[in-house]
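Colleague: Residues per chain are reported as follows:
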Amino acid sequence: EPEVTQTPSHQVTQMGQEVILRCVPISNHLYFYWYRQILGQKVEFLVSFYNNEISEKSEIFDDQFSVERPDGSNFTLKIRSTKLEDSAMYFCASSQGLAGGREETQYFGPGTRLLVL
Amino acid sequence: KQEVTQIPAALSVPEGENLVLNCSFTDSAIYNLQWFRQDPGKGLTSLLLIQSSQREQTSGRLNASLDKSSGRSTLYIAASQPGDSATYLCVGVGAGSYQLTFGKGTKLSVIP
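Same order as they appear, the protein sequences are chains A and B. Under my numbering, the first residue of the first sequence is numbered 1, with each subsequent residue one higher. Under my numbering, the first residue of the second sequence is numbered 1001, with each subsequent residue one higher.
No lab work stands behind these hints, which were simulated from the structure alone. Among these hints, one or two may not hold up.
[As the list claims (entries may be wrong)] No more than 30 Å apart at the CA atoms, straight line, and that leaves these computed lysine-lysine pairs for DSS-like:
no., chain 1, residue 1, chain 2, residue 2
1, B, Lys1107, B, Lys1068
2, B, Lys1068, A, Lys83
3, B, Lys1104, A, Lys83
4, B, Lys1001, A, Lys42
[Stated by the list, open to error] Some chain A residues well away from chain B (every beta-carbon gap over 12 Å; in silico):
no., residue
5, Val12
6, Met15
7, Gly16
8, Val19
9, Glu56
10, Phe65
11, Ser66
12, Glu68
13, Ser73
14, Arg80
15, Ser87
16, Glu104
17, Val116
[What the hints assert, rightly or not] Quick list of simulated restraints, FRET-style, between CB atoms:
no., chain 1, residue 1, chain 2, residue 2, range
18, A, Lys83, B, Glu1017, 41 to 47 Å
19, A, His10, B, Ile1111, 28 to 34 Å
20, B, Pro1082, A, Asn51, 41 to 47 Å
Don't be surprised by glycine CBs; every beta carbon is placed ideally from N, CA and C.
One chain only, chain B, in its complex shape (with noise of 0.2 Å):
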């Protein structure tokens, strides 16, 4: 069964800072790695998908690679905003399913 550990639970940083969120899964065989934002009262949105046979994606400030090998993710955000603020969780699907197995997040705060 697929877990998925996110590092740290919770990080503060300055606004202008870049700054990398980790996530580790378990099982290898992953049919794809998603980053989801998730907003108070506002549900999840999608930021990147990464699909198996990719390494990392691009969109506007943020980046996000995937390892196979050593079951690992990584987010990055450049310029941190004050907006970017949220709970990033990392989601994969696991082989032949249609479920998201979720991490608990990483709650950030960008602080103006």
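Next comes chain A alone, as it looks inside the complex (with noise of 0.2 Å):
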């Protein structure tokens, strides 16, 4: 069955460097998100993106956030100067986008969790 895979599983950085999470959504997918959860809290929408664009985005999403689909298979998030309260799981999903991306379901994968120090 087809499914999201996301790198690194862990990734410890240091506060200021950059990181670029790395998401495979599944193929014939078209509309791709990211999430992200800190620890005890509830999963928090960052980012929807579709035909190369950012469809819709959450207050969280500031400048230092990216993303950027490179290639045809990669879909990737971008943090430019990681703060300690980055630290969290980030979730990228997918969804066909049959009906606009609205009504479908989200496959999610296993998370990158991210470690700032």
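Could you use the hints to bring the two separately framed chains together as a complex?
Modeller: And the structure:
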């Protein structure tokens, strides 16, 4: 069964460093998403991406964050200058896009646990 | 802004028992309502999706209901098994939005 994959599974970085989290969505999916979950808190939406453009973003997704689909398979989240409060589990998700991305199931990857020291 | 609340935060039941997990949401203009399962290290798995025009969905031993007028959803698990132990997340999608709004979850432990 097709699945979303994410690399790395864990990443430790120093405050102020740039990190890139990588995701490979399910191959025929058109909508891509990033979410994060700070330890002990709710999963929070960061951004949705369709047709090489951001379709929606939350207030968390500020100028320190960017997303890119550098090729036909990868979807990346970059944090330019990490802060301590960026420590969280980051989930990538994808959906087919048959219904415009709204009504359908989103399939999640296993997450990348980011620790900023 | 949509808010999703789940009660209880944790639940422990003996194997074989039927159980109900509760979820409430603030915005009745909900596009759809999903229940996810979260296992440590394995990400999030969608269990059931109820569209706004529907009242319930069933999959195996799981049944989810949606009452938009009262802002509530329930997930019923029949004949619970130890493999059902996980955190169950109630997730809403507001009209006109792509983003999922998550509850904090109910951590279920099924004791053999």
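Colleague: Does each hint fit the structure? Answer for all of them.
Modeller: These are the hints, each one checked on the structure:
no.: 1; hint: B/Lys1107 x B/Lys1068; in the structure: holds, 24 Å
no.: 2; hint: B/Lys1068 x A/Lys83; in the structure: violated, 39 Å
no.: 3; hint: B/Lys1104 x A/Lys83; in the structure: holds, 24 Å
no.: 4; hint: B/Lys1001 x A/Lys42; in the structure: holds, 15 Å
no.: 5; hint: Val12; in the structure: holds, 17 Å
no.: 6; hint: Met15; in the structure: holds, 26 Å
no.: 7; hint: Gly16; in the structure: holds, 28 Å
no.: 8; hint: Val19; in the structure: holds, 19 Å
no.: 9; hint: Glu56; in the structure: violated, 5 Å
no.: 10; hint: Phe65; in the structure: holds, 15 Å
no.: 11; hint: Ser66; in the structure: holds, 18 Å
no.: 12; hint: Glu68; in the structure: holds, 18 Å
no.: 13; hint: Ser73; in the structure: holds, 19 Å
no.: 14; hint: Arg80; in the structure: holds, 22 Å
no.: 15; hint: Ser87; in the structure: holds, 17 Å
no.: 16; hint: Glu104; in the structure: violated, 8 Å
no.: 17; hint: Val116; in the structure: holds, 20 Å
no.: 18; hint: A/Lys83 x B/Glu1017: 41 to 47 Å; in the structure: holds, 44 Å
no.: 19; hint: A/His10 x B/Ile1111: 28 to 34 Å; in the structure: holds, 31 Å
no.: 20; hint: B/Pro1082 x A/Asn51: 41 to 47 Å; in the structure: holds, 44 Å
The earlier numbered hints that this structure contradicts are 2, 9 and 16.
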